[in-house]
Amino acid sequence: MPNIMLDVKGLTKSYGGLTATDNVSLQIYENEVNAIIGPNGAGKTTLISQLTGEVAPDKGQVIFDGQDITALPPYKRSRLGIARSFQITSVFLDRTILENAALAVQGHSGHSFQFFKPAAKDRSLIDPAMETLASVGLADRAHLPARAVSHGEHRQLEIAMAMAAKPKMLFLDEPMAGMGPEESARMTAFLESIKGSVTILLIEHDMDAVFALADRITVLVYGKIIAVGAPEDIRNNSEVRQAYLGEGEDL
Amino acid sequence: MSLIKIAPVNMPGIAFRAVILGLCGLMPLIAPLVGEPYWVDIFIRVMIWAIAAISLDLILGYGGMVSFGHAMFFGIGGYTIGIMSYYDNFNGFIQWPLALVLSAVIATVVGAICMRARGLYFIMITLAFAQMIYFLGVSAEEFGSDDGLTIYGRSEFEVAGLSLDLADSLVFYYVVFFFLLLVLWFVHRLVNSRFGMVIRGIKSNEGRMAAIGFNPFRYKLVCFVIAGVIGGLAGVLMANAEKFISPDMMHWTKSGELIFMVVLGGMGTVFGPVAGAMIFLFLSEILSNITENWHLIFGPFLVLVVLFARHGIDGLFWRWFRGQGGPHA
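Chains as they are written, first to last, in the numbering used here: chain L, 1 to 251; chain D, 1 to 329.
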């Protein structure tokens, strides 16, 4: 039995009459890649946001690495080793790629009540930031302003900023959103390369990527989990086909 | 991987700042030469307003918190000096630290409450607090209510027989100039430090900053307190310059004028507010000599700056340089 990194118990969140998360219980094992799939509006982002702390659940519990984090704000969860990338690219466009990554490093290097030393010359921030950028293949873009690089590179930077903290668990909200096939393939290869060294919860619409990366797949429909299992089982699950893919379509 | 890049020198930008600081530094020499000695007094006011505007820009331009109550710190700094003088305590070593500590304490309380709100609500709550403190001044009959209070002497600094004679207007001028340079240097260091990176990050994307491990509330609050203390310093200097305090110095229109100065000079630049304060005060001086309705000219001018110079007048000079083929042209 593998270690449980994240244990979600009976999580529920409603917005008015809409139940976005409906009594979701889910266990994520240490160092697995678990992909959440489901049609648009299934509540995938709402679910992740409750796990990373941006949204407070109405009911239920989130246990991370043995600790109840249900009531913790995002920055405290981040310090425990939870990192996330955002579906809508959230990098600092006015700063360089390197400055973005350095800021992410800074978030995990103690407090930032340092008022005098120029951060741009701080090797204890710059060096790890460069290292992270190199790992996602952005090293040669480091000194460009984030505004000046492509959408695909923004997505890479998103991942780099999440990885900079050397997290125990990574929540990736559609890392391939809006990417061309070539960029997607590169991102998939990168995620493949870190697979096994960090626990990953992945939301993704690109089924090639999902089936290439996931150890297990969780299917979410209308806020409810209708199936969890190995990619093969999910591919052959008739309920999933009906709910998600429509009759007769091939996975 | 080399981190050292040879940055081309921004001549128009640097020249603009040098001219403005040069004017501040040399005005006691220039004013008698051009036969306008009262310019020295205007420049003392310019520098004091500049200090307050720099501090407002720290929360407004860098921290993204639009405070419509920053003149309250003029009042806190000023009234501390005024009230202590009223009770015959002119010792600057007591007056000044007390004013700054009071500014810090009030900024902490006000900031902690305001930061529960966002956007428009933040603006309204800062205004509400400033109005509260304003009316406190109005209702303080002992200290002159609306009519204010005359201060019978500037702060005294005496140590072991050595004294800094602020009563000498030239000495006072250069003390104010020194504090302007000190605040410019301090804020420049601050916005480029780790702390500065955090508050600027929070301004553009608070959610992302929390996701990478920062507690936005704490950093914003500390930023607000630092700005409050610098604002209080401006109040201390103002009370000493005018030798007079009244609730008018913390009227909401003064907070509005500070915002004007920041926007005019350039939000989110350390130097912009200095340019903004100078242009604002000089224009209002010149225009009000021409016509009583000088706001009719000043208003459209401000609109033009907002529309066409996104980073204010200071930004205009820096962009002009980029247009000539600078970095990221």
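Source of the hints: derived by calculation from the structure; they are not laboratory data. Here the structure is a predicted model, which means the values were calculated and not measured. One or more of the hints may lead you astray.
To be verified - Derived DEER-like restraints, expressed as beta-carbon distance ranges:
hint	chain 1	residue 1	chain 2	residue 2	range
1	L	A120	D	A140	23 to 33 Å
2	D	G256	L	E182	50 to 60 Å
3	L	G196	D	G256	43 to 53 Å
4	D	P300	L	P181	46 to 56 Å
5	D	V9	L	L93	40 to 50 Å
6	L	M207	D	G119	52 to 62 Å
7	L	D208	D	N205	40 to 50 Å
8	D	V9	L	R147	46 to 56 Å
As the list claims (entries may be wrong) - Covered by chain D, according to a simulated footprint, are these stretches of chain L (three or more residues, beta-carbon under 8 Å):
hint	stretch
9	54-60
10	78-90
11	95-108
Don't be surprised by glycine CBs; every beta carbon is placed ideally from N, CA and C.
Going down the list of hints, with the structure as the test:
1. L:A120 <-> D:A140: 23 to 33 Å: 47 Å, violated
2. D:G256 <-> L:E182: 50 to 60 Å: 53 Å, holds
3. L:G196 <-> D:G256: 43 to 53 Å: 59 Å Cβ-Cβ, so the 43 to 53 Å window is violated.
4. D:P300 <-> L:P181: 46 to 56 Å: Between P300 of chain D and P181 of chain L, where Cβ atoms are some 53 Å apart, the hint holds.
5. D:V9 <-> L:L93: 40 to 50 Å: For L93 of chain L against V9 of chain D, whose Cβ atoms are near 26 Å apart, the range 40 to 50 Å is violated.
6. L:M207 <-> D:G119: 52 to 62 Å: Given range 52 to 62 Å: violated, Cβ gap about 40 Å.
7. L:D208 <-> D:N205: 40 to 50 Å: Violated: the Cβ-Cβ distance is about 31 Å, outside 40 to 50 Å.
8. D:V9 <-> L:R147: 46 to 56 Å: Since V9 of chain D and R147 of chain L have Cβ atoms about 24 Å apart, the given range 46 to 56 Å is violated.
9. 54-60: Violated - the stretch 54-60 of chain L has 1 residues with a Cβ nearer than 8 Å to chain D, which falls short of three.
10. 78-90: holds (count 6)
11. 95-108: holds (count 7)
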